[in-house]
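Build out the structure end to end from the sequences listed, making use of the hints.
In order, the protein sequence lines correspond to chains R and V. Read left to right, the first sequence gives residues 1 to 275 (our numbering). Read left to right, the second sequence gives residues 1 to 318 (our numbering).
Derived from the structure by calculation, the hints contain no laboratory data. Incorrect hints may appear among the rest.
[Unchecked claim] In silico BS3-like cross-links for lysine-lysine, where the CA-CA straight-line distance does not exceed 25 Å:
1. V/212 - V/127
2. R/162 - V/218
3. V/212 - R/117
[Stated by the list, open to error] To give a feel for the contact side, a few chain V residues facing chain R, derived at Cβ under 10 Å:
4. 125
5. 126
6. 132
7. 133
8. 198
9. 215
10. 223
11. 315
[To be verified] Ranges of calculated distance between the beta carbons of each label pair, as one might list FRET restraints:
12. V/125 - R/27: 35 to 45 Å
13. V/125 - R/274: 35 to 45 Å
14. R/137 - V/44: 49 to 59 Å
15. R/137 - V/272: 22 to 32 Å
16. V/305 - R/117: 29 to 39 Å
17. R/38 - V/139: 32 to 42 Å
18. V/40 - R/159: 46 to 56 Å
19. V/111 - R/219: 43 to 53 Å
20. R/79 - V/111: 26 to 36 Å
21. R/83 - V/213: 36 to 46 Å
22. V/314 - R/203: 49 to 59 Å
23. R/30 - V/125: 41 to 51 Å
Where a beta carbon is used, it is the ideal one built from N, C-alpha and C, also for glycine.
For reference, the chains in residue letters:
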Amino acid sequence: MPVMTEKTNPNTKIANVSQKATENKKVVYNTKDLNLWYGEGHALKNINLAINENEVTAIIGPSGCGKSTYIKTLNRMVELVPSVRISGEILYRERNILDKSFKVEDLRTSVGMVFQKPNPFPKSIYENVAYGPKIHGIRDKKILDEIVEKSLRGAAIWDEVKDRLNQNAYGLSGGQQQRLCIARCLAIEPDVILMDEPTSALDPISTLKVEELVQELKEEFSIIIVTHNMQQAARISDKTAFFLNGEVIEFAETDKIFSTPSDKRTEDYITGRFG
Amino acid sequence: MARSAVQHDNKKLNVSEIIQQKKKSRSVNNYTEKLIPKILFGIAAISVFTTIGIVLTLITETIAFFKDVPFIDFFTGTELKPLGENAVFGVLPLLTGTIISTLIAMLVAIPVGLMTAIFLSEYASEKTRKVLKPLLEILAGIPTIVYGFFAFTFVTPLLSSFIPDLEPTNILSPGIVMGIMIIPMVASLSEDAMSSVPNAMREGALALGATKLEVTWKVVVPAAISGIIASFVLGISRAIGETMIVTIASGSSKNFTFDVTQSMQTMTAYIVEVTGGEAAAGTTLYYSLYAVAMTLFVFTLIMNLLAQYISRKFREEY
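What follows is the structure, given as structure tokens:
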């Protein structure tokens, strides 16, 4: 995997730069004493995390540690599970999203999400990207055309699909579908992009493309990415949170987590002793 | 028991050897294995041959009818007087009767059925769905004669309090009741189609800030459209073929009219009336049954082909 090793070096530099800039960066998501239950199961325990804007924050941990639950709480998709109960606060741009007065549609308009499995709509490539802008009231064909092109370029898939925009999205490969889903998410110009294991269903080359894309996107967006793959977290993120049994064990600069973790359990996990 | 015996004898369990032995004793099964498809084909062929037989009978008897009554007169005739000295056979009164009653039924069944399906699949809680869906399916099991009775003794009097000109037998009331009868069919089949749309698609739309209504109308319904259209078509075919309700509640006047407050006869009701009377074999009246039945058959056939075309055209594959 020589490509991967090459990728690590420039990222380390980026991480160092961002370390210096951390002081000036605004906090986009501030989680305070978050607890979450599925029925009787206590899935998230006293989570406290402050996530900065224009950074890639990775969330790692073994299966069932609550990392997907946490990211789904950030856009309240977790509420689709009927038995869920939540306490605590999540401040997004200083407003508590768990407050009943916070309109969930508004939240999800500024916070986009990319799912584990690519989930395009069974419509044309064009319609997939135009769906978001359309439901938010944009009808002008010219503006839509522009948005579609810009978003597909932004997701680095334009050249592959520009000649077949009217074909069904399900004709694309898995990797292309996932980048299409990223384009769909970019089309409404969100502030934050949540990614729930976006490459777990993809082959290595598609994975690499998505990873490169994440690097480009963080210039404009704040990205929170859940990943099973520790190397991926090391390659692409600025900060990493390690979750275990519903708790945050450690949250620090990615460099630090992977070189000198302060908790024994983090070290055991990243060195592959369990998980 | 047998397994542990083997284990004790040989100490080591040799599975592949056992499988080889069993295979030999199963050679008889291979014979049935080859025979089964032929038997199944024979059974499937029964329904195919029955259909062919029915169509052939219809065609030959219809040809006999057109020897007596010219083709053009039958399809353009606005007057139907099958009995008496100067019998006239124009099918248009029956055709309009069938089309109008079907239209009324679908005007009731499509919106109500689809909304019910949307409620059940997208909005209702698991509990509500578990109660409502079986109830709907019970509604589908009520015999049509009961619906006919309901149309004649309840719906018509009810309607005449709004529409004073309503005749005691009219096409409006059975049309509406037919619609009610078809609602469970449309609702249940559409609900099945919508429930089988993967949740990942709903989540994708919700994550873009779509409201529940936007998810339903712009993602779920389009994705399920071929199933939904199929439910409409089955509903329409059911309405076209429905006999008892119209026979009871719409009378037997062979009016050629578009006024829904009047009595009209449908093709099916005509067949009931004539077969119930004295239609001696070989008379024009007798052959007219086949001509009407043939028209009915072609009608439903066209409907089904049209529906297939529509649902293929709008299908969103996933």
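Do the hints match the structure? See the list:
| no. | hint | result |
| --- | --- | --- |
| 1 | V/212 - V/127 | holds, 19 Å |
| 2 | R/162 - V/218 | holds, 24 Å |
| 3 | V/212 - R/117 | holds, 22 Å |
| 4 | 125 | holds, 8 Å |
| 5 | 126 | holds, 8 Å |
| 6 | 132 | violated, 18 Å |
| 7 | 133 | violated, 18 Å |
| 8 | 198 | holds, 7 Å |
| 9 | 215 | holds, 9 Å |
| 10 | 223 | holds, 5 Å |
| 11 | 315 | holds, 9 Å |
| 12 | V/125 - R/27: 35 to 45 Å | holds, 38 Å |
| 13 | V/125 - R/274: 35 to 45 Å | holds, 40 Å |
| 14 | R/137 - V/44: 49 to 59 Å | holds, 54 Å |
| 15 | R/137 - V/272: 22 to 32 Å | violated, 55 Å |
| 16 | V/305 - R/117: 29 to 39 Å | holds, 37 Å |
| 17 | R/38 - V/139: 32 to 42 Å | holds, 37 Å |
| 18 | V/40 - R/159: 46 to 56 Å | holds, 52 Å |
| 19 | V/111 - R/219: 43 to 53 Å | holds, 50 Å |
| 20 | R/79 - V/111: 26 to 36 Å | holds, 31 Å |
| 21 | R/83 - V/213: 36 to 46 Å | violated, 25 Å |
| 22 | V/314 - R/203: 49 to 59 Å | violated, 33 Å |
| 23 | R/30 - V/125: 41 to 51 Å | violated, 34 Å |
Of the numbered hints listed earlier, those contradicted by the structure are 6, 7, 15, 21, 22 and 23.
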